[in-house]
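Number of protein chains: 2
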Amino acid sequence: MTNHRDVIVVGAGLAGLTAARALRAAGRTVQVLEARERVGGRTVDHRIDDGHVVEAGGQFVGPTQDHILSLAAELGVDTFPAFDTGDNVYVKNGTTRRFGNGVPPDPTALLDVGVLISRIDRAARAIPLDEPWRAADARALDAQTLATWCRRGAVTDGGVELLDILLGSAFGGTAADASALFGLWYVAGAGNEYTPGTVGRMMGVTGAAQDARFVGGSQRVSLRLAEELGESVTLGSPVRRIDQTGPTVVVHTDTDRWTANRVVVAVPPVLATRIAWDPLLPAPQEALFQRMSFGTLAKFEAVYPEPFWRADGLSGQAIFRDPTFPVCSMFDNSPPDGGPGVLMGFVGADQWRTWAPKSPTERRGAVLRAFATALGPQALHPTTCIEKDWTSEEWTRGGPTSVLTPGTLTGLGRWRDVPFGRVHWAGAEHVNHWNGYMDGAVRSGKDAAADILAAERITA
Amino acid sequence: MTNHRDVIVVGAGLAGLTAARALRAAGRTVQVLEARERVGGRTVDHRIDDGHVVEAGGQFVGPTQDHILSLAAELGVDTFPAFDTGDNVYVKNGTTRRFGNGVPPDPTALLDVGVLISRIDRAARAIPLDEPWRAADARALDAQTLATWCRRGAVTDGGVELLDILLGSAFGGTAADASALFGLWYVAGAGNEYTPGTVGRMMGVTGAAQDARFVGGSQRVSLRLAEELGESVTLGSPVRRIDQTGPTVVVHTDTDRWTANRVVVAVPPVLATRIAWDPLLPAPQEALFQRMSFGTLAKFEAVYPEPFWRADGLSGQAIFRDPTFPVCSMFDNSPPDGGPGVLMGFVGADQWRTWAPKSPTERRGAVLRAFATALGPQALHPTTCIEKDWTSEEWTRGGPTSVLTPGTLTGLGRWRDVPFGRVHWAGAEHVNHWNGYMDGAVRSGKDAAADILAAERITA
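Protein sequences, first through last, are from chains F and E. Heads up: the first sequence begins at 10 in my numbering, then just goes up one per residue. Heads up: the second sequence begins at 10 in my numbering, then just goes up one per residue.
If you are wondering where the hints come from, they were derived from the structure by calculation, not from laboratory data. Model, not experiment: these values are computed from the prediction. A couple of the hints might just be wrong.
Because identical chains share one entry, a pair is satisfied inside a single copy or across any pair of copies.
[Stated by the list, open to error] In silico SDA-like pairs for lysine to any residue, Cα to Cα no more than 20 Å straight-line:
no. : residue 1 : residue 2
1   : Lys367    : Trp424
2   : Lys455    : Glu237
3   : Lys397    : Arg319
4   : Lys455    : Arg134
5   : Lys455    : Arg249
6   : Lys455    : Val427
7   : Lys367    : Arg319
8   : Lys455    : Pro349
9   : Lys397    : Asp287
10  : Lys367    : Phe429
11  : Lys367    : Pro291
12  : Lys367    : Val427
13  : Lys367    : Ser401
14  : Lys367    : Pro288
15  : Lys367    : Val112
16  : Lys455    : Gly85
17  : Lys101    : Leu119
18  : Lys397    : Asn102
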């Protein structure tokens, strides 16, 4: 079967669906080809009872994430505040301490964390967001890891360890994995055109990136987009080959052959390299995408009849600095009506590397022990558990986003968004503001659509 | 078409062919499936006239590379000494200086380079080659780049820059790209069971890794192996899917279906992840292979009627520390009879990232200007030029080998060679001695075959 569209979009995550919507609004015919039997990409909701879901992927939104917030509002998907009332818990090597807002009450790290966050914020402001490789000290920053950069000055192991716990969930990587230039750039992007990014806005809850959630689950935004697009979305159609050798672009799935004037590839770079390209991807873009390997992140959710911790004045939020536990942080992930109680733990970066190879039973036991250490023995007895390891997802292969290693941004970063012939790029990795977030995905989809419409005007 | 073999080998480079040979010698039926229309993987010879070839890929061998040397000897492929007579040339920002053996005569870097090499050699000896993540300071070494590690102490920019020039050709990466732990481990492996690796053995010519070449070209070893294997090698058959869900392993190419008791995947990790796996690769192995991105390296060869530089007492070897040139180093790559003269330049790492996007004409002009700056204006007028960019090779995608970034060895390194069900791994990346070299490839092929035979004895 061969069909023609003005634009074929590869991938029905937020980026691809947003691009398709914008192109259709501009009068173009589009088809979105999605490998999975569902839309939503790195967002997916799991039903936990008749009336409730929990989000197994991206879930939080907050101020300055204008693109996802306005899209959801347009589509009638409401937000509600993430539960952020009561004391948090800091677990360090088996001992627990309650604390209010702010950084954990760890005398061995407290001062350092404060100093470190100020240093990061200050350095992030000096990074040109659109061209980080033009930062004054770009080469030096990109020749070291974020861990090396953080250790400069008076920062103790404790400070860097705590930072790693935050990074573990923020990008599924450690300060040891990431280039310092990338890390500072990533923080710099945690804002919009008017508000510079800061560690606080990236890591915080109320008023920050974990401020709110979507009623009914984050995947609803994609589901609504797909409803709008109707038959313009084809599920279960992995794109295997993209051929630009002829007058139109030819996109091959296992069963179909689509032709188009332009293509938007809205899948993670790791998956983009696995498409058979004819001609091949330009060598520097191939080399860059190879280096945009995913972080490693899993989410673990435990469902209880009610959010029992709230009665104890606990927020359900915890930070774990304890190598015996697979989770680095925990959140109250209950539905807005507080019906069932849900605890969500991030198995991030370092913890993932230790715990992903173990059996689900062993991991479940250790996660629940972590939850119970923070909130009491009731946490040991959930009614159900849901675990989602994004590296095991065939059509994602990691999470939440690509972590750029030293040398990559300065050496090859400028190739990230360069169209390859008539193929344009979208996805949470292809954006400078809120890179790696739902907001970045939506923005990148709009950008790709706008680039295609602009390119057509030039060639027309 | 469905055919059964005891073992299917994916990839007809030195690793795959060696594995197939060993398995056949043990009485097993084998089939090697190769994507390209040739064997040899990262070794390939280009014919330059009726009687001569130049090597466009891996080419040098030296003492302690016992596996490739003994294999070549068995197959009747002779070696000859790489040309290493006369003065070398050091080009720095347009000025040239002749020098004898040893490190370049650069007063701004000389002392540092000496100190640095001693430090690397000493630190490399402390790395447990089989389990580098067990080094005493493994976590700290893996949390920093090799550049950071090298800069510690009194090392100037000049010292690190010179090291980068050496690394540029050695692994297509810079000291900024690589984990310090990986860099030290890579040096530690530049030897055999009896002789520890050193920078000198890795980087040197006579008596070191660039000691000798193969008469008739390095690809001849693979061609001889393929001759021996005869119809057990199938060219032009990219493996698209490997299915381990049934009682035998099923290997799918575009046209055929092969079944086997065991499979050896002898392709670079970057390509291994692009095979459709059912079930999927174990998540930690997927995460590791994602991070085993290739270095970036191209080779440029210029052919002259004769090796004119030899009459001037020049070796044809040069080191370029000059950002206006695409090459970092140059060698006399003439055939053993000295018939035509051939100069070979490495476009490595940093230079590649700048120069790969430019036009072949522009690159050729700049390379020849570099050669002429070192050896005189005769170098501007070759009879023919051959350029091989390994990142543009569909069935390689980089060169010469995988460069591990910070956090990878300690976090995921132990997954490198773990068999996935009935699938075993081979290739230059899957070995501890002479990783990334022809010798490592051969060793890995022997290891994979031995592992399969051992596994059969256990399960039998």
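Okay, the hints, checked on the actual structure:
Within a single copy, Lys367 and Trp424 get their C-alpha atoms only as close as 38 Å, which misses the 20 Å cut-off; across copies the closest is 13 Å, which meets it. In this assembly of identical chains, the alpha carbons of Lys455 and Glu237 lie at most 20 Å apart only when taken from the same copy (16 Å versus 57 Å across copies). For the identical chains of this complex, Lys397 and Arg319 are neighbours neither inside a copy (25 Å) nor across copies (64 Å), given an alpha-carbon limit of 20 Å. With identical chains, the CA atoms of Lys455 and Arg134 are never at most 20 Å apart, being 25 Å at best within one copy and 53 Å at best between copies.
Taking the shortest Cα distances, Lys455 and Arg249 never come within 20 Å of each other, neither inside one copy (25 Å) nor across copies (34 Å). Within a single copy, Lys455 and Val427 get their C-alpha atoms as close as 16 Å, which meets the 20 Å cut-off; across copies the closest is 43 Å, which misses it. Neither within a single protomer nor between protomers do Lys367 and Arg319 lie at most 20 Å apart by alpha-carbon distance, with minima of 32 Å and 62 Å respectively. Neither within a single protomer nor between protomers do Lys455 and Pro349 lie at most 20 Å apart by alpha-carbon distance, with minima of 37 Å and 57 Å respectively.
In the homo-oligomer, the alpha carbons of Lys397 and Asp287 lie at most 20 Å apart only across protomers (19 Å), although the nearest pairing inside one protomer, at 34 Å, exceeds that limit. Taking identical chains as interchangeable, the C-alpha atoms of Lys367 and Phe429 lie at most 20 Å apart only when they sit on different chains, with a minimum of 15 Å there against 41 Å within one chain. Taking identical chains as interchangeable, the C-alpha atoms of Lys367 and Pro291 lie at most 20 Å apart only when they sit on different chains, with a minimum of 11 Å there against 39 Å within one chain. Within a single copy, Lys367 and Val427 get their C-alpha atoms only as close as 40 Å, which misses the 20 Å cut-off; across copies the closest is 15 Å, which meets it.
Taking the shortest Cα distances, Lys367 and Ser401 sit within 20 Å of each other inside one copy (14 Å), while across copies they are farther apart (38 Å). With identical chains, the CA atoms of Lys367 and Pro288 are at most 20 Å apart between copies only, with a shortest distance of 17 Å across copies and 41 Å within one. Taking identical chains as interchangeable, the C-alpha atoms of Lys367 and Val112 are never at most 20 Å apart, the minima being 31 Å within one chain and 49 Å between chains. In this assembly of identical chains, Lys455 and Gly85 lie within 20 Å of each other by CA distance solely inside one copy; the values are 19 Å within and 62 Å between copies.
In this homomeric assembly, Lys101 and Leu119 come within 20 Å of each other (Cα to Cα) only inside a single copy, at 13 Å, whereas the closest approach across copies is 49 Å. In this assembly of identical chains, Lys397 and Asn102 lie within 20 Å of each other by CA distance neither inside one copy nor across copies; the values are 26 Å within and 54 Å between.
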